[in-house]
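Colleague: Residues per chain are reported as follows:
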Amino acid sequence: MTGTRILRIVPLYIVLVALCAVWLLPVLSTTLVSLKDPKDFVSQKFYQPPVRIYFLENLRKVLNEYKLNAHFINSLIYALAGGAVAIATASMAGFSIVRLKPKLNFILFLIIYSGTLFPFQMYLIPVYRLFNVLGLYDTRTGMILIYSAICIPFSLFVYRGFYTTIPREIEEAARLDGCGPVRSFVSIFLPQSLAPTAVVALFQMTWIWNDLLFGMVLSRTQHVRPIMVALATMTGYGGGNIPWIMTGVVFTSVPTVLLFILLRRFFIQGMTLSIST
Amino acid sequence: MVVLLVVPMLQNIYYSFFEWDGLGKPVLVGLRNFVALFQDKVLGGSMLNTVIWVGFTLVFPVLGGLLIAVFVTGVKGENFFKSIFFIPLTISFVATGTIWTYMFSRELGVLNGIFKLIGLPLKLSWLTSVPLNTFSMLLAWTWQQLGTNMVMFLMGLATIPSDPVEACLMDGANGWQTFVHVKFPMLAPVTTVVITMAMVNGFKVFDIIYVMTRGGPYQSSETLAVSMFRETFTLFHMGYGAAISVLLSVIVIVISAAYIRRMTRRDLLYY
Chain F
257 MTGTRILRIV
267 PLYIVLVALC
277 AVWLLPVLST
287 TLVSLKDPKD
297 FVSQKFYQPP
307 VRIYFLENLR
317 KVLNEYKLNA
327 HFINSLIYAL
337 AGGAVAIATA
347 SMAGFSIVRL
357 KPKLNFILFL
367 IIYSGTLFPF
377 QMYLIPVYRL
387 FNVLGLYDTR
397 TGMILIYSAI
407 CIPFSLFVYR
417 GFYTTIPREI
427 EEAARLDGCG
437 PVRSFVSIFL
447 PQSLAPTAVV
457 ALFQMTWIWN
467 DLLFGMVLSR
477 TQHVRPIMVA
487 LATMTGYGGG
497 NIPWIMTGVV
507 FTSVPTVLLF
517 ILLRRFFIQG
527 MTLSIST
Chain A
5 MVVLLVVPML
15 QNIYYSFFEW
25 DGLGKPVLVG
35 LRNFVALFQD
45 KVLGGSMLNT
55 VIWVGFTLVF
65 PVLGGLLIAV
75 FVTGVKGENF
85 FKSIFFIPLT
95 ISFVATGTIW
105 TYMFSRELGV
115 LNGIFKLIGL
125 PLKLSWLTSV
135 PLNTFSMLLA
145 WTWQQLGTNM
155 VMFLMGLATI
165 PSDPVEACLM
175 DGANGWQTFV
185 HVKFPMLAPV
195 TTVVITMAMV
205 NGFKVFDIIY
215 VMTRGGPYQS
225 SETLAVSMFR
235 ETFTLFHMGY
245 GAAISVLLSV
255 IVIVISAAYI
265 RRMTRRDLLY
275 Y
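Keeping their order, the protein sequence lines are chains F and A.
Each residue of the first sequence is one higher than the last, beginning at 257 in my numbering.
Each residue of the second sequence is one higher than the last, beginning at 5 in my numbering.
These are calculated hints, taken from the structure and not from any lab test.
In this text, all values refer to a predicted model and were calculated from it rather than measured experimentally.
Treat the hints with care, as some may be off.
Said to hold, decoys possible - Dumping the calculated DSSO-like pairs for lysine-lysine here, alpha-carbon to alpha-carbon at most 27 Å:
id : chain 1 : residue 1 : chain 2 : residue 2
1  : F       : 323       : F       : 295
2  : F       : 295       : F       : 317
3  : F       : 317       : F       : 301
4  : A       : 86        : A       : 187
5  : A       : 187       : A       : 80
6  : A       : 80        : F       : 301
7  : A       : 80        : F       : 295
8  : A       : 86        : F       : 295
9  : A       : 45        : F       : 301
Unchecked claim - Quick list of simulated restraints, FRET-style, between CB atoms:
id : chain 1 : residue 1 : chain 2 : residue 2 : range
10 : A       : 135       : F       : 496       : 54 to 64 Å
11 : F       : 336       : A       : 184       : 30 to 40 Å
12 : A       : 45        : F       : 321       : 38 to 48 Å
13 : A       : 135       : F       : 489       : 51 to 61 Å
14 : F       : 348       : A       : 163       : 26 to 36 Å
15 : F       : 524       : A       : 80        : 37 to 47 Å
16 : A       : 169       : F       : 431       : 26 to 36 Å
17 : F       : 281       : A       : 166       : 29 to 39 Å
18 : A       : 240       : F       : 428       : 54 to 64 Å
19 : F       : 340       : A       : 133       : 41 to 51 Å
20 : F       : 266       : A       : 123       : 33 to 43 Å
Cβ coordinates follow ideal geometry from the N, Cα and C atoms, glycine included.
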């Protein structure tokens with residue numbers, strides 16, 4: 257019994273450990289390279305430790321030369337503002353859909369679908385044109401607007417799903433005590449909404465932070481372009497200086513990695529939501 | 005909302021019937037853009053690549069995610085293994101593409117470095133030789149995507165009640181039989197979602213290709229989303245670009261039809 261068990265467990269471990277090694281390799285190599293002096297990097301083998309820790313010098317170079325800090329601020333604004341607008345709009349809309357029941361089922365579905373599964377390529381040309389006409393092209397307002405619009409459908413989906421789990425009796429009791437829909441939203445639904453709000457914030461802020469397509473199409477200058485576009489252009493010139501680029505990768509990935517580690521519980525909740533429906 | 009998403013969608017369909025450079029007056033050409041779609045050699049290659057991407061996505065990130073989810077459950081150090089596959093998920097596509105561009109670099113990259121280290125006389129041009137470049141990018145894609153699918157399958161597996169599984173084992177079924185006849189059928193709802201999502205994402209793939217090869221060399225590694233971007237924003241063939249995006253959307257709608265049907269049916273129950 258134990259003999260066959262060992263025969264089965266050992267190969268499993270070997271495969272798992274090997275796979276994990278493959279999965280860790282890019283992360284470790286990236287970190288290692290970002291620590292190296294570009295001059296040493298060219299002459300060293302990929303696995304050799306850095307001659308001296310050069311990360312801060314690399315970072316300074318990346319910030320000065322590629323102005324990643326400016327793009328960092330841009331994306332931070334977009335993530336916070338876009339997330340906030342999406343949360344405010346979607347929580348109210350979710351409430352009115354669940355409780356006030358407008359007969360707009362199909363349109364609602366269309367809206368949710370349009371922001372979650374639909375290819376964004378479908379909006380690029382009209383939005384690009386609209387933004388040019390309205391003077392929103394290459395402005396922060398425009399970027400916040402489009403990011404919020406893309407984020408609202410998923411947020412609506414999350415809030416609606418959550419609100420259907422709040423028992424109707426509570427609200428009816430409140431109505432007997434003289435609570436209108438606005439009051440019951442503010443004092444019954446909102447206080448309970450921490451979990452869906454965290455889910456929305458985590459997923460949507462990460463999405464905005466990681467977006468490339470809209471940033472590339474709808475902006476041009478350093479004051480507006482989001483961070484991932486900046487990172488993507490760093491590699492554009494035949495490889496470029498690898499230690500600097502890898503420092504850029506580390507610098508731009510830290511916020512989302514931290515967010516995921518801190519809000520891991522809500523990440524699992526959000527995933528559950530997307531499969532349980 | 006409606007102004008920013010639903011109206012553009014309709015407008016985009018409208019544009020796809022025109023020839024337009026983005027500045028001058030659009031000229032109505034009827035279905036000519038769509039006819040051109042199927043005669044364009046570059047676009048034919050791009051469609052083929054898209055199909056490769058989707059097929060590969062189903063085999064590696066999805067099936068791989070399922071296998072890892074199944075085998076990692078109950079193994080000592082389960083959480084450690086899970087968090088390692090989880091790491092790439094927190095990293096953006098752009099960063100993933102950038103990291104793997106370095107891994108694949110011909111002179112200084114890690115993969116060719118490993119080949120040299122173990123004495124293999126191989127020095128591959130991972131990203132510039134066709135069709136290797138598409139598969140190189142698919143490796144990066146798998147690295148990024150596997151974790152998501154693994155997490156979804158893990159959650160699906162966790163919801164399976166233990167009674168039928170135990171009953172099955174009691175009757176003398178081995179692990180494999182239990183999986184095929186009990187666990188896998190009970191996992192079906194999750195599998196549907198994961199497969200739909202994976203196919204849709206495979207069809208929409210853009211960032212990784214844009215960062216790693218820009219669709220090159222000579223458009224050889226383009227997928228539909230990348231072709232659409234090039235036609236529209238590099239060559240300013242707005243009408244043609246719109247037609248490509250309509251084609252892409254139709255494919256995505258067809259693929260997700262089963263998923264949509266479930267979503268709408270559930271809505272009917274609510275009202």
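Colleague: Against each hint, give a clear statement of whether it holds in the structure.
Modeller: Right, here's what the structure says about each hint:
no. : hint                       : in the structure
1   : F/323 to F/295             : 22 Å, holds
2   : F/295 to F/317             : 14 Å, holds
3   : F/317 to F/301             : 23 Å, holds
4   : A/86 to A/187              : 20 Å, holds
5   : A/187 to A/80              : 21 Å, holds
6   : A/80 to F/301              : 35 Å, violated
7   : A/80 to F/295              : 43 Å, violated
8   : A/86 to F/295              : 37 Å, violated
9   : A/45 to F/301              : 42 Å, violated
10  : A/135 to F/496: 54 to 64 Å : 26 Å, violated
11  : F/336 to A/184: 30 to 40 Å : 48 Å, violated
12  : A/45 to F/321: 38 to 48 Å  : 40 Å, holds
13  : A/135 to F/489: 51 to 61 Å : 27 Å, violated
14  : F/348 to A/163: 26 to 36 Å : 32 Å, holds
15  : F/524 to A/80: 37 to 47 Å  : 22 Å, violated
16  : A/169 to F/431: 26 to 36 Å : 46 Å, violated
17  : F/281 to A/166: 29 to 39 Å : 37 Å, holds
18  : A/240 to F/428: 54 to 64 Å : 58 Å, holds
19  : F/340 to A/133: 41 to 51 Å : 47 Å, holds
20  : F/266 to A/123: 33 to 43 Å : 27 Å, violated
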